[in-house]
Amino acid sequence: MSKPKPAPLPSGTVVGGYQVIKKLAAGGFGVVYLAEDSERHLVALKEYLPSSLAERSPGELTPRVKPEKQPLYRLGLKSFFEEGRSLAQISHSSVVSVLNFFRENETVYMVMNYLQGDTLQDFIVTARDLKRDKVFRESTIRSLFDEILRGLRIVHQHKMLHLDIKPANIFITNDNKAVLLDFGAAREVLSKEGNFIRPMYTPGFAAPEMYRRDGTLGPWTDIYAIGACIYACMQGYPPNDAPQRIEKDRLALSLSRLRNVYSDNLIEVTEWCMSLDPLSRPQSVFALQKELARETERRYTKLSFSERLKLQLENLTSAKA
Amino acid sequence: MTMRFSVYQVSRKGGREKNEDRMGYCYTRDSGLFALADGMGGHPEGEVASQLALQTLAAMFQRDSKPTLADPLRFLHEAIIAGHHQLLRYATQKSLIDTPRTTVVACVLQGKAAYWAHCGDSRLYLVRGDKLIARTRDHSYSELQETLSQVVPMGERFNRNVLFTCLGSPGKPVVDTVGPLLLQPRDRLLLCSDGLWGTVSDASITDQLAHHPISDAVPELVEQALRNGGPKCDNVSVIAMEWESADDSKGPGISTQTLGEEVFASTIQASVMGQDVPDELDDAEIERSIKEINEAIRRSSQKKN
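For the protein sequence lines, the chains are A and B, in the order given.
The first sequence begins at 1 in the numbering used here and counts up by one.
The second sequence begins at 322 in the numbering used here and counts up by one.
For reference, chain B alone in the conformation it holds in the complex (with noise of 0.2 Å):
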């Protein structure tokens, strides 16, 4: 069972010192995993927590989708634990007095269906026609309170900083997991990090994958982002992908039809565990770079006229 999907995905620094937020996607002829991880500040490396986390993700996913997954839900959650595992080891390793830490959202795409994890505060969205079809819950005690205050009555809000759960820290993470989804055509999902929805509104978020393609879509929220956030904005990371009919091989996107059952495509880096992730730009990177330019050049261009 093949599949057809168009990814879009851009991550800037905003006002930061670094940009600690990691993202990316990769698949099989039959399967497809897309992550995004945002490493905690307060804590050390948090550019490593996230990385890590992504880094675990997709090894096992190339290990277990053989070329599809016998259990998404499992798998991701699996692997989400395994990568707070790596934070404790790699902590351990270099001596380090507090773990690094990090939120996870990921996603798969199998057969017609999506099935995602989460853990902390990093969202997934899901738009289908210009309707919020789902979003997940953060684990902060904000969304937890809100939750909680339908039933009992709680005193004073909370930061929505503060989260209760995320890889590396001292208990075991809660990692939610939902699924399977029966995607329609046309059907789009956005991975971000909280850079994106602190500022930006989910009625706006979904407003733009609603009635643009995810490739203007995507760069635009970002913008929103940043200029919303004004100049200490955090990171602002998203990822977006729309699910094409696997017999509508004209679209732009990918399919992975050609690919034979042995390939496996990702964006995210395998580095050796602990070692700095380069800073360097790839091909994909590139383009992407001038892209993003050309787009902004039409735009200001735009506003002139």
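For reference, chain A alone in the conformation it holds in the complex (with noise of 0.2 Å):
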């Protein structure tokens, strides 16, 4: 027995001054709105509606929160509250920026930047289907990881962790800049309640210790991501999720595919970054970006005979399976 979601607001509707032009996406936290302020400036405004807690039919305005949820409705605000300080924190052009936070219909909202352009996602999805053995040129992927980089390390400086960088949370903007978007500290702190049973993270780009209720977060967490981002860049497609890759880690295995094609140092860096242990990693962004700006020659190894017949046996098991 699903709860149906609340209701966003229907287009039109002016909030704090802002009309609504249509609902841009949902999450479990609310809803964002593509809206234009007075002077018909486009907007992205993100509107605080857990939909676990709060109801909202359609074409109402102010949504209901039974009394039994109100404290946990309010713990959530509190950590609406902590993205939008912390991000109205960050003035990085690397980090989606906050515009104003303003409150009516008995909630509140989130004024940000919107941004014109596409997620990395799309650009993977559009690259790999090119069917070339390379997704994305090795410089490419250097210079936009080291642009995202950059905002991570603001976002760290400031206390914050992301802990839901994905390709499709990547945004690349008309005018080529990378972004990063939807932050994820408020996350964090509603997972700490027993009443959320969905996922807080993305398979395949969450650490390990993001699948624990008792692991400890920091930005090795967010920097495993990073990595499981450069290798959905290499390979087209995301790795195995974590719990997978504690029954059976295939991650060297599968960057082998990949010698030759990018270089030894992308790779080994990639290795490094998805770590099962979050202490093998890279402890801090700075760390990371000192390592893939390192811009020594590149050094290519192809596949030894025995690796390729290993590759081959591996291809024609993971067939059967």
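By construction, these hints were calculated from the structure, which means they are not laboratory data.
Beta carbons: idealized from backbone N, C-alpha and C, even for Gly.
The hints are all genuine.
Residues from chain B that face chain A, not an exhaustive set, calculated with beta carbons under 10 Å:
| # | residue |
| --- | --- |
| 1 | Ser610 |
| 2 | Ile611 |
| 3 | Glu616 |
Cβ-Cβ distance ranges computed for the label pairs, FRET-style:
| # | chain 1 | residue 1 | chain 2 | residue 2 | range |
| --- | --- | --- | --- | --- | --- |
| 4 | B | Ile418 | A | Pro58 | 52 to 62 Å |
| 5 | B | Glu606 | A | Ser284 | 25 to 35 Å |
| 6 | B | Arg395 | A | Pro71 | 38 to 48 Å |
| 7 | A | Gln19 | B | Ala524 | 47 to 57 Å |
Assembling the complex is the task here: the two chains are given apart, and the hints tell you how they should meet.
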């Protein structure tokens, strides 16, 4: 018995001086709208509306929250504020910027820059469908992640973790800037509440500690996700998820397919970021940035005969499965 | 004798796991109480200690201010000691091996005067014009030493964090009281935990209070403390008020003029003793959060341009 999701605000509604044009996305935490400010600039408007706690019938403006759900609703609100507070302090071109924050309809709204472009996910899908041996060029990957890491470094400096870095949350604007979207700080707090049973992570990009209740999250958790994103940019597909890897880790093997296509160094960095043991990963964004920026001569190592044989066997067994 | 004042408060957790600072204010038509307590680490339930101390102050203020306190200094002294006894009782009730401890600083505004008292190293600053008029002396060995060293030479320096008195300690707490001090319009009073003064100098605190409205000065000071405190920054709490003349009815602050004799307003939550303080937002806090976020947005967009 699934509860109907709260209805989004209808197009044309005006909240806090912003007119809603259409719904862009809806998550567990709320709804994001495309809206227009009084000077007709486009903005993204994020409404706090946790789908498991609030109800709203189509056409209504004010969400209803049952009394027994009030404490959790308020707790979530606090996290929403934390996200706003942190984003407000960050002024960096690689992090989506917050323009305004206001209260209306007995909930709160965060106004953000509306970005035009496509997500990295869209780019990966388009590129892999071209079926070339390289999804992206190595120099593209390095400069793209250098930009993303600059933003992430600022985020970590503000004692915030993103916790949901994935190609769908990395935006490439039409003027070629990479911007981190959708901050997960709020999710982190809420997931501590037993009442939420829904995936808080994206398989393939979530570090193993995200799956554990007692897992210590830190910059290394975001770094795992960065590694997984680099993997996806090389391979065209996300890596196996962490529980699968713990069962049987094929990461080294699937990365070996990329040898001689991408440099040894880039492959090693990816594997380093994606270590199952959090302590074996780069412990800070800075450490990773330094490694990625190392512009020494790239070495490429071809697969040896026995390695090729192993890969072929692997292909056969996975085809059977 | 009604009053006008504006008040602004911010408390941040810093790099700590919990925020053990508590603060708040309450007022009747003719008297106001402002208080801040910093629950101590190294002992159990610091946040309960600070909360209990404040609740005791607020409850006694509500009882005794009808609508003025007969003797504000005596009230402050008694209410702080009462808070101490509450802590001892709480520890006994819950059979704790050690008593929760806290510092406290409290200020009463009544008539045209301020009265204050403190125990521990939470501080009060009073700024008039651009001058620091008064500041409490910490009950720490280091400040004691500075005082005594004028008289007798003493040995090595003490850690500023070591206090010789606080609420909840085995001995009777030392409470210093000051007042009455006649206020002038635009005088600013600030109460803070050591999270602020530990990393922000008296000169900076005075300067901010002197040159900016408290609604700007308080968040800015807290930001400075968080920046200076780094990743392991202590809890930082600041509550400041500006005294406005009673006839300046256009000001932005709170006027008690419209309150009846029986009215009592408080931001300090009175919860049953020992109960967990619900970690919820009230409306005032929601408004404050939104204001703070917009302040931060304004500041970072200024930086950008």
